[in-house]
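Enquirer: Residue numbers (the working numbering), protein chains in the order written: chain A, 1 to 296; chain B, 1 to 296; chain C, 1 to 296; chain D, 1 to 296.
To be clear, the hints were calculated from the coordinates, so they are not data collected in a lab. Small disclaimer: the values here were computed from a predicted structure and weren't measured. Some hints here could point you the wrong way.
The list cannot tell twin chains apart, which means a pair is met if one copy fits it or any two copies do.
Simulated crosslink set (DMTMM-like; lysine to aspartate or glutamate; CA at most 20 Å straight-line) [said to hold, decoys possible]:
#1 Lys237 with Glu61
#2 Lys130 with Glu282
#3 Lys195 with Glu105
#4 Lys130 with Glu112
#5 Lys289 with Glu61
#6 Lys195 with Asp131
#7 Lys289 with Asp26
#8 Lys237 with Glu165
#9 Lys133 with Asp59
#10 Lys289 with Asp259
#11 Lys237 with Asp131
#12 Lys280 with Glu265
#13 Lys137 with Glu112
#14 Lys130 with Glu165
#15 Lys195 with Asp60
#16 Lys195 with Asp238
Letter by letter, the chains look like this.
Number of protein chains: 4
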Amino acid sequence: MEAERLQRASSPALDEILGQQFNVLDRGFIRVVDYMGNDSSIVQAARVSYGKGTKTISDDEGLIRYLMRHDHTSPFEMCDIKLHVKVPMDAWRQWIRHRTASVNEISSRYSEVKDERQQTLPDAWRLQSKDNKQGSKGYLEQSLGENLTINELELQQHAQQVYQERIDLGVAKEQARKDLPLSTYTEAYWEIDLKNLIHFLTLRMESHAQLEIRSYASLIGEEIVSRWVPLTWQAFKDYRLNAIKLSAQEIEIISKLIDPNRVSEEYLNSLAQQQGLTTKVERAEFIKKVRRITGE
Amino acid sequence: MEAERLQRASSPALDEILGQQFNVLDRGFIRVVDYMGNDSSIVQAARVSYGKGTKTISDDEGLIRYLMRHDHTSPFEMCDIKLHVKVPMDAWRQWIRHRTASVNEISSRYSEVKDERQQTLPDAWRLQSKDNKQGSKGYLEQSLGENLTINELELQQHAQQVYQERIDLGVAKEQARKDLPLSTYTEAYWEIDLKNLIHFLTLRMESHAQLEIRSYASLIGEEIVSRWVPLTWQAFKDYRLNAIKLSAQEIEIISKLIDPNRVSEEYLNSLAQQQGLTTKVERAEFIKKVRRITGE
Amino acid sequence: MEAERLQRASSPALDEILGQQFNVLDRGFIRVVDYMGNDSSIVQAARVSYGKGTKTISDDEGLIRYLMRHDHTSPFEMCDIKLHVKVPMDAWRQWIRHRTASVNEISSRYSEVKDERQQTLPDAWRLQSKDNKQGSKGYLEQSLGENLTINELELQQHAQQVYQERIDLGVAKEQARKDLPLSTYTEAYWEIDLKNLIHFLTLRMESHAQLEIRSYASLIGEEIVSRWVPLTWQAFKDYRLNAIKLSAQEIEIISKLIDPNRVSEEYLNSLAQQQGLTTKVERAEFIKKVRRITGE
Amino acid sequence: MEAERLQRASSPALDEILGQQFNVLDRGFIRVVDYMGNDSSIVQAARVSYGKGTKTISDDEGLIRYLMRHDHTSPFEMCDIKLHVKVPMDAWRQWIRHRTASVNEISSRYSEVKDERQQTLPDAWRLQSKDNKQGSKGYLEQSLGENLTINELELQQHAQQVYQERIDLGVAKEQARKDLPLSTYTEAYWEIDLKNLIHFLTLRMESHAQLEIRSYASLIGEEIVSRWVPLTWQAFKDYRLNAIKLSAQEIEIISKLIDPNRVSEEYLNSLAQQQGLTTKVERAEFIKKVRRITGE
């Protein structure tokens, strides 16, 4: 529409940390290599879709929160970020299952694998959770952990020596690597759009995600996304990370817990305002939800 | 794992209606052409993932509901369905925005376009909604609608005559079509996996979806998915279609509506059981949610 | 790897035209809104994958050509571009079939549709091709075309008047639009990575693509991609746009056309060098192909 | 279009081997679990697209070959196959990079990992290729290989013992697995449509693909796809696997190798017919290619 000379959208707070290495685990890291777009790019794309319709939502923050709340996710695809990550193969196996990203991983067919593994400290061996078949809970006592740590180091050294022996004999790198431990670090460029990054963070910052990948996800969220697109980051926390979903059955039950004396329009409106539901639209939506719960 | 001769998974209730035409709008339809998998295929895929871990959830229904509740969506990708649809281009423009499907649409570069448009009856002209910039609410009075219907027919005939004139003069079909109205019907084969179909239904069965595409989506849900994968269909309704989400702020507010005398473990458990939270796991999850709401 | 402060990768030649409107058809346009990456970003991503392995290919140009030649497409995903396009719905229907892009289209549910259609001039009516069922060849004589142009304008005005009448009576915008002609212009933000853009250009710059979308694709290629990533653009033309593929059977036939006196190693090498196969690797690959053709 | 009762499309030759285990490597396998569609489904989808336009290509084989030759790949998306695979994690790391498939992998967070690794026999240690940085060429002499095989077994036993020790002490499975060797077998359900499977086979049956994944890919092609969709399989071999591509520069060079006395229309036509270019369309396309090469 406008025809004047454009500058690329930028995010000064993210520019501040471009290329800077954030450490994760014992030898892993994350660095922002490049990015496209900022909070305003999301608003701009949404305004294309909605045209004049967006005038009712007066400001950028309100619009971004509206988009997040209603799962209108396409404008978030208009932002992209490219990270350089170093991560143990074990965590990378989970990471790579997110298919909607672009990846260039270092190839151990081309290059010799570096002698770098993730090592677990004596006090960091986690116990199998009893109620969660796939989780951990609490830590092994340190005296036992010390042994495990020593044994791990020995195994990792053994694996490295076997790898090196093969390389020295001229075995192809693609085959020499076949018995490397999953704790071996790999590196990759990983590029993803903000919509899909939000989905990644929703799953991987969640308390059931494995600690290792959760450490990476939390860092991406708290150190990177928070700087890059602060309005989106806040909306993500409010409407995704810290939200809960009630099923049809749970709605029925909750209705029975509610004190019927506290659901007047006026009271709900005043509570909503107190709790930061600043737009009229959001307050109306909330009251509608309450009415759905209470069945009126 | 097993090595015996397999039969393909089938869904007898869906086989009953294979190829049968379900009418939508004035000339549109949906037909199931082919499919792969059934409720058990989802269970089977999940059991591969979880291995022995699934033994705790004793039956297929419980497992499917667990998957849906926790957004473990990958097992639903193991079912696919192929539909033959006939739909006005206007609705098709929305439909095709769902990118995770396979499409073969009839090409109007190859074949002449049939003289078939979606016509609106005098009592079916919807009024612009006041509060929803993109929606409709109520109907135009019929006396006015009659005029609109006559004028529509006239325009559609005019467009057809212009199209035919071009064809008769030897104009290329790819160009002759350029002024056809969006109400013109098109046909396509549309294939999608169940995970993505569920996402499509969530968005398009929703009350804010435009009536036309909502008619197609509802039919796919109620007539087709309900027969094909009945356990999944029920879980979809309970955990998606009829669920609500509470933001971090809304959780705070709801906490103030709850009667503190009604949240004892015992009472919650008995309510949960009454309302059909049949598994211990789901009841525990529910009580956890209540505790998150009440902040204990 | 490096830890110093980074700047975002940029493409000065593309910065020059950021936001500038390139006209297409009678009222369409394309503008670059934002982008990420440049030729060096592709090289950088490839070097991550190959590690030391890339040292043998000495320069960026050689590496980019190698990647394109061998369909190692993932490094091209590391560049993204966002365009603002204005295009008739008819061409947009084809455009949107490319699923691996992000789209925010102006919504005619939210906003009234502007009275803008693509009009065909008297000398621009194309004749149906005889041998290509889906193509056009040559033009209708202008005297006949004049009539078609007048009739088109009349139909477009008729459609506009019907649309306006509905709007004036308060019909919902989502329904009022249902008989708009496919020649109506729409606008969108369209974001795509370079790998998928190359695929789009391969299909849509091709001589069988419909003239309208071909006009957009050619402009994107020649005015935008050529400035943005000039090395990639040249490689695209050499290895995709102007390449040909020979089937197993065609290889057999070609072998019978080749003069056996002209396939000595030396001669082939000298020809290859003359024709700009500058790297040793590419010349060796070429000679291998010739040997496959001649069956030696 | 037709309204009669349908049966699902089936492939009797594939039904014969449904569930049957094909062994790969020392302990790996592939089994077909389910599928949708057959060669006719591709034809059916293409005929929807082309409408009457397909009448000129008289038979199914001709049409499928036409689609493959012209990269009209969307009809191939109308067929899907679901495989149960057992594969070393090392090969699985490459496999999983194909993002357009659905996957349910056995989770080693849920279940203990079985003591099963891919072992390399004394005569199967491959040497690093000199000219191909990422490949192998020839084999290590067996006397040296024997040592490597013994050392591998020792390392694998060591790793297993470390894993078991952790499990026995109550360490969480998600953490206990962290030093397992990449040679450890994993299992998964893998579902993919035929278009994307063809792409997978093109890359992974190719001579530069690593032997291990090439073994799986070749088996999928030769034992499974060949039975499932025999016409597509033949077309794949002719137009993809055994085809070659000539760049703009290579076209120039080839033109200089061609004997000008052998390119008459008549001669080319007769050669084309002899070599099995059975349709008139394909012969015409071929002659056009020759003219492009010779620059006439």
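Enquirer: The structure should be examined with respect to each hint, and the outcome stated for every one.
Expert: Hint-by-hint comparison with the structure:
{"no.": "1", "hint": "Lys237 with Glu61", "verdict": "within (14 Å within a copy, 32 Å between copies)"}
{"no.": "2", "hint": "Lys130 with Glu282", "verdict": "between (41 Å within a copy, 17 Å between copies)"}
{"no.": "3", "hint": "Lys195 with Glu105", "verdict": "between (22 Å within a copy, 17 Å between copies)"}
{"no.": "4", "hint": "Lys130 with Glu112", "verdict": "between (41 Å within a copy, 15 Å between copies)"}
{"no.": "5", "hint": "Lys289 with Glu61", "verdict": "neither (22 Å within a copy, 28 Å between copies)"}
{"no.": "6", "hint": "Lys195 with Asp131", "verdict": "neither (33 Å within a copy, 28 Å between copies)"}
{"no.": "7", "hint": "Lys289 with Asp26", "verdict": "neither (46 Å within a copy, 35 Å between copies)"}
{"no.": "8", "hint": "Lys237 with Glu165", "verdict": "neither (50 Å within a copy, 40 Å between copies)"}
{"no.": "9", "hint": "Lys133 with Asp59", "verdict": "between (46 Å within a copy, 17 Å between copies)"}
{"no.": "10", "hint": "Lys289 with Asp259", "verdict": "both (15 Å within a copy, 18 Å between copies)"}
{"no.": "11", "hint": "Lys237 with Asp131", "verdict": "neither (27 Å within a copy, 28 Å between copies)"}
{"no.": "12", "hint": "Lys280 with Glu265", "verdict": "within (13 Å within a copy, 36 Å between copies)"}
{"no.": "13", "hint": "Lys137 with Glu112", "verdict": "between (37 Å within a copy, 17 Å between copies)"}
{"no.": "14", "hint": "Lys130 with Glu165", "verdict": "between (42 Å within a copy, 19 Å between copies)"}
{"no.": "15", "hint": "Lys195 with Asp60", "verdict": "within (17 Å within a copy, 32 Å between copies)"}
{"no.": "16", "hint": "Lys195 with Asp238", "verdict": "within (16 Å within a copy, 26 Å between copies)"}
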